[in-house]
Amino acid sequence: MKREELLKPETLARLRGLDIKARLVVEGFLEGLHRSPYKGFSVEFSEYRPYIPGDEPRRIDWKVYAKRDRFYVKEYQEETNLRAMLLVDSSQSMTYRSGALSKLDYAVTLAAALTFLLIKQKDAVGMATFDTQIREYVPARSSNKHMQLLLSRFENLSSGGETNLAKSLHGLAERTRKRGLVIIFSDLFDDPDDVLLALRHFRHRKHEVILFHILDPQEENFDFSSPLRLVDMETRKEASLDPRLIRAEYRKALAGYKKRLLRTCSEHHIDYNPILTNQSLEHALFRYLEKRRRLR
Amino acid sequence: MFSFASPWFLLLTPIALGPLVLHLLSRRKMRRTEFSSLFFLRKLRERRFRWLKLRDILLLILRTLFLAFLVLALSRPVWKGRFPVRLTRADLVLVLDDSYSTSARFAEITETAERLSGELTSGSGLSILTPSGVIWDTLLQDISVSGWETRLQNLQASQSGRDLEDAWKQALSMLEKSKTSNKRIAFVSDGQARALDFLKTAPIPSDIEVYCFTDRAEPPANVSILSTRLYPAYPLPGEDQALKVIVKATENNAQANLEVFTDSKLRERRTVSAGRESREFLFNLPQDAEKIRSEIDTDSIPADDRRFVHGAGAGKLKVALVAGQDSDLLSLGLRAGGGLEVRQVSASSAAGVSPQTHDLIVWDDVYRPSVIDAVTSRGLPVFVLLGEDAEDIPRVFRMLEESPAKGFEIMASSWLFSDLSVEDIREIKFSKYLRLEPEGGNTVLSFSGGDPMIIADTSRNIYYSAVQFTPEHTNLVYRAIFPVFIQRLATFAAGQRKGNEFYIGDTLKVRVPTGEPMFVETPELHYEITPKPADQGFLVEFANTQKPGFYTIGTETFVVNPDPRESSPEKIRPAELEERGIKVFPLGASTPVKLWLPLLILAAICLAAELLFIFL
Chain A
0 MKREELLKPE TLARLRGLDI KARLVVEGFL EGLHRSPYKG FSVEFSEYRP
50 YIPGDEPRRI DWKVYAKRDR FYVKEYQEET NLRAMLLVDS SQSMTYRSGA
100 LSKLDYAVTL AAALTFLLIK QKDAVGMATF DTQIREYVPA RSSNKHMQLL
150 LSRFENLSSG GETNLAKSLH GLAERTRKRG LVIIFSDLFD DPDDVLLALR
200 HFRHRKHEVI LFHILDPQEE NFDFSSPLRL VDMETRKEAS LDPRLIRAEY
250 RKALAGYKKR LLRTCSEHHI DYNPILTNQS LEHALFRYLE KRRRLR
Chain B
0 MFSFASPWFL LLTPIALGPL VLHLLSRRKM RRTEFSSLFF LRKLRERRFR
50 WLKLRDILLL ILRTLFLAFL VLALSRPVWK GRFPVRLTRA DLVLVLDDSY
100 STSARFAEIT ETAERLSGEL TSGSGLSILT PSGVIWDTLL QDISVSGWET
150 RLQNLQASQS GRDLEDAWKQ ALSMLEKSKT SNKRIAFVSD GQARALDFLK
200 TAPIPSDIEV YCFTDRAEPP ANVSILSTRL YPAYPLPGED QALKVIVKAT
250 ENNAQANLEV FTDSKLRERR TVSAGRESRE FLFNLPQDAE KIRSEIDTDS
300 IPADDRRFVH GAGAGKLKVA LVAGQDSDLL SLGLRAGGGL EVRQVSASSA
350 AGVSPQTHDL IVWDDVYRPS VIDAVTSRGL PVFVLLGEDA EDIPRVFRML
400 EESPAKGFEI MASSWLFSDL SVEDIREIKF SKYLRLEPEG GNTVLSFSGG
450 DPMIIADTSR NIYYSAVQFT PEHTNLVYRA IFPVFIQRLA TFAAGQRKGN
500 EFYIGDTLKV RVPTGEPMFV ETPELHYEIT PKPADQGFLV EFANTQKPGF
550 YTIGTETFVV NPDPRESSPE KIRPAELEER GIKVFPLGAS TPVKLWLPLL
600 ILAAICLAAE LLFIFL
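So the sequence lines, in the order shown, correspond to chains A and B.
Numbering of the first sequence is given in numbering that gives the first Met the number 0, commencing with residue 0 and proceeding in unit increments.
Numbering of the second sequence is given in numbering that gives the first Met the number 0, commencing with residue 0 and proceeding in unit increments.
Rather than coming from a laboratory, the hints here were simulated on the basis of the structure.
Note that beta-carbon positions come from the ideal geometry of N, C-alpha and C, so glycine has one too.
Among these hints, one or two may not hold up.
[Claimed, not checked] Partial selection, computed: residues in chain B whose CB lies under 7 Å from chain A:
(1) 29
(2) 30
(3) 31
(4) 32
(5) 33
(6) 34
(7) 35
(8) 40
(9) 200
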């Protein structure tokens with residue numbers, strides 16, 4: 000199977016076992032090019048660089064000074080000091096699907112792939128699921144055994160009820176004390192002001208945040224053809240409507256919502272990634288790696 | 000009050016409910032689909048859903064209204080509002096047509112008059128005239144004077160045939176005394192052209208508004224028997240025979256009672272529906288039937304048609320009608336009124352008819368010259384219906400083995416037909432406007448504008464008619480014309496010259512040398528009347544000629560008939576009156592407002608609004 004095929008949602012939907020999916024995705028995607036974004040004291044040497052006024056004098060390598068008669072500062076690469084928390088929205092709305100994968104399937108596969116990727120780099124990974132409240136919380140570890148635990152939790156994830164995204168995120172922000180990378184997978188069906196406030200909470204805790212806004216293509220396009228009665232999967236409330244009459248308005252409202260999220264996330268250095276469930280996972284993984292590069 | 004010119008379109012009214020039904024059906028059939036969240040839809044609902052819901056309801060209403068207005072417009076509703084003459088205080092002279100032709104419509108005429116009078120504003124003046132005289136005159140008083148209602152309700156159609164010109168002149172002279180600025184004359188008539196024709200040319204004073212309420216109803220359908228034949232023509236021994244009657248009508252869906260007689264007894268009466276296309280009806284016959292006859296039951300003729308049937312008068316002129324039981328003319332001849340008494344005579348006994356028992360013998364049977372000669376030799380005039388079209392008069396003469404040069408005279412065709420439209424004249428198939436140039440023919444009796452249709456052998460007192468009265472016209476024209484035709488001919492043949500023929504309502508005048516009282520004999524009563532002095536001697540005037548029949552004043556006899564022109568179906572065209580500034584309305588209607596155009600405009604507005612909503 001070609002590498003590109005492995006990353007397609009249709010292919011992944013046919014595969015069984017989340018661990019296999021995750022491994023195939025990651026192996027198909029990258030070849031171990033992964034570094035910790037945090038530089039500092041560590042056992043692994045990274046490089047020399049000329050001394051700049053302001054650098055701590057204790058970091059000057061005096062042996063090099065003796066040889067070159069210039070100040071050089073010795074830099075090291077930290078090995079496993081990235082703590083990543085994968086937060087997956089498991090509300091009922093996430094189970095919606097119009098194609099091969101539901102939003103929850105897509106989020107779980109992506110989270111599993113990232114888990115696999117992070118653990119392989121010896122980073123610590125934790126996970127949490129939430130709907131109206133936090134349903135599961137697994138602190139970050141970096142062992143292979145922990146990875147199996149996480150994959151098992153992801154695989155057995157069940158959808159919950161309604162979404163109270165902001166409340167759950169606030170709770171998780173409080174609970175995740177050590178700074179690290181927070182990756183959120185959600186359809187973000189909540190009041191945008193509350194969501195953004197919760198995201199700022201993570202930033203306040205000095206977390207780096209990647210937000211995957213996962214939507215189904217049908218939610219994006221709203222291209223139902225005939226009048227229908229829509230039933231809210233979370234609240235079971237119904238609305239009779241002719242989609243042709245409100246399609247434009249719907250798309251406009253959604254685009255406005257996304258634009259607002261993008262703008263506010265950008266202001267707070269949150270990496271906002273809208274993604275559709277019919278898009279290749281490669282796209283999402285690239286987004287993650289880009290973020291990692293920026294963090295270096 | 001609403002009425003509809005094309006009410007059958009109202010059957011389409013349920014179509015207007017179509018959008019509502021479709022709306023409800025579409026709601027019922029609406030697919031139920033799960034969707035992740037109505038989060039954005041809820042947000043939309045706040046801003047736009049209300050408008051969309053309102054738009055849906057508005058579209059539904061607009062579509063329903065569009066269809067409703069369209070259906071209503073197609074049914075051409077007319078709002079019969081109040082009369083136009085009531086709007087202001089005015090002096091109104093109502094001229095009611097009570098001529099013989101209005102008899103079938105007279106209730107509507109009086110009803111219209113009553114409504115017109117009843118809606119006059121306080122302070123208005125009212126006079127009611129008919130050609131027969133003044134019914135009510137409070138023109139210079141207030142309308143509040145009661146009594147006119149009773150007068151109107153007691154009013155009946157006369158048998159006279161006067162037009163309305165004299166009443167019009169009288170109305171004008173009455174209004175001359177009126178001091179109000181609103182002077183109005185309203186004619187209420189059946190719309191017969193001869194009664195109102197004068198309005199096309201009569202000078203109309205500028206200060207008088209003229210209204211005309213006329214009946215625009217079409218003449219009733221004419222159902223007729225085209226032909227009859229036995230089926231099978233040659234039955235085998237013991238095989239039943241049937242009579243096949245082929246019926247046709249001038250309009251579709253015209254109903255009439257078709258009767259079949261066998262041996263002079265009514266065998267079967269059946270209500271049939273005839274149309275413009277001929278239809279066949281089969282009647283089973285008994286095996287031993289000998290004389291078979293079929294006819295349209297005259298009692299099934301619509302009421303409108305009854306005005307053409309002349310009232311039966313006391314029989315003075317006795318006419319023998321030689322006709323078989325199957326003669327189409329027999330029943331009509333027997334009904335001929337106006338001073339005629341028609342008796343059926345068989346061909347075999349016709350030779351015995353004499354001037355002592357009869358005044359005229361009408362021959363509608365196999366032509367038997369020997370019998371006719373025997374009758375005429377006794378001095379009795381004979382009228383022979385040849386049953387031929389007079390298209391080929393020379394051939395008629397050849398058939399009679401006579402020469403037109405030998406004392407035959409051509410009688411001009413009947414003025415009785417002059418009132419009929421060209422189509423009607425063609426219908427009765429007389430002569431096809433024959434242009435015969437007779438040798439030495441003299442016109443002895445003017446029946447019409449000059450076309451010959453009756454050939455008179457004046458030397459032998461025989462009158463031949465080449466007019467073919469076909470069974471197609473057993474209802475309307477035929478019924479209307481034939482009795483009058485016979486009546487007139489009988490009057491002529493019996494020596495009653497035209498000068499002594501009058502119509503109902505006419506005044507009979509006789510000059511006498513002395514002023515001694517004289518007896519006047521009428522069909523009903525006897526009067527004694529004293530002559531009035533005149534320029535040369537004395538004059539007797541008798542105006543009470545309300546019944547048809549013979550009137551004798553002293554030694555002079557007058558024939559008083561209903562005016563045959565009253566049978567004319569020709570109506571005056573409203574456009575001709577409107578050209579003269581006369582406001583014309585249908586009889587019984589008042590200020591009719593035709594609503595189809597406003598409704599069509601409303602439908603168009605609904606459609607435009609709907610399109611606007613859709614594209615907004």
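Provide an ascending list of the numbers of those earlier hints which the structure does not satisfy.
Per hint list: single violation, 9.
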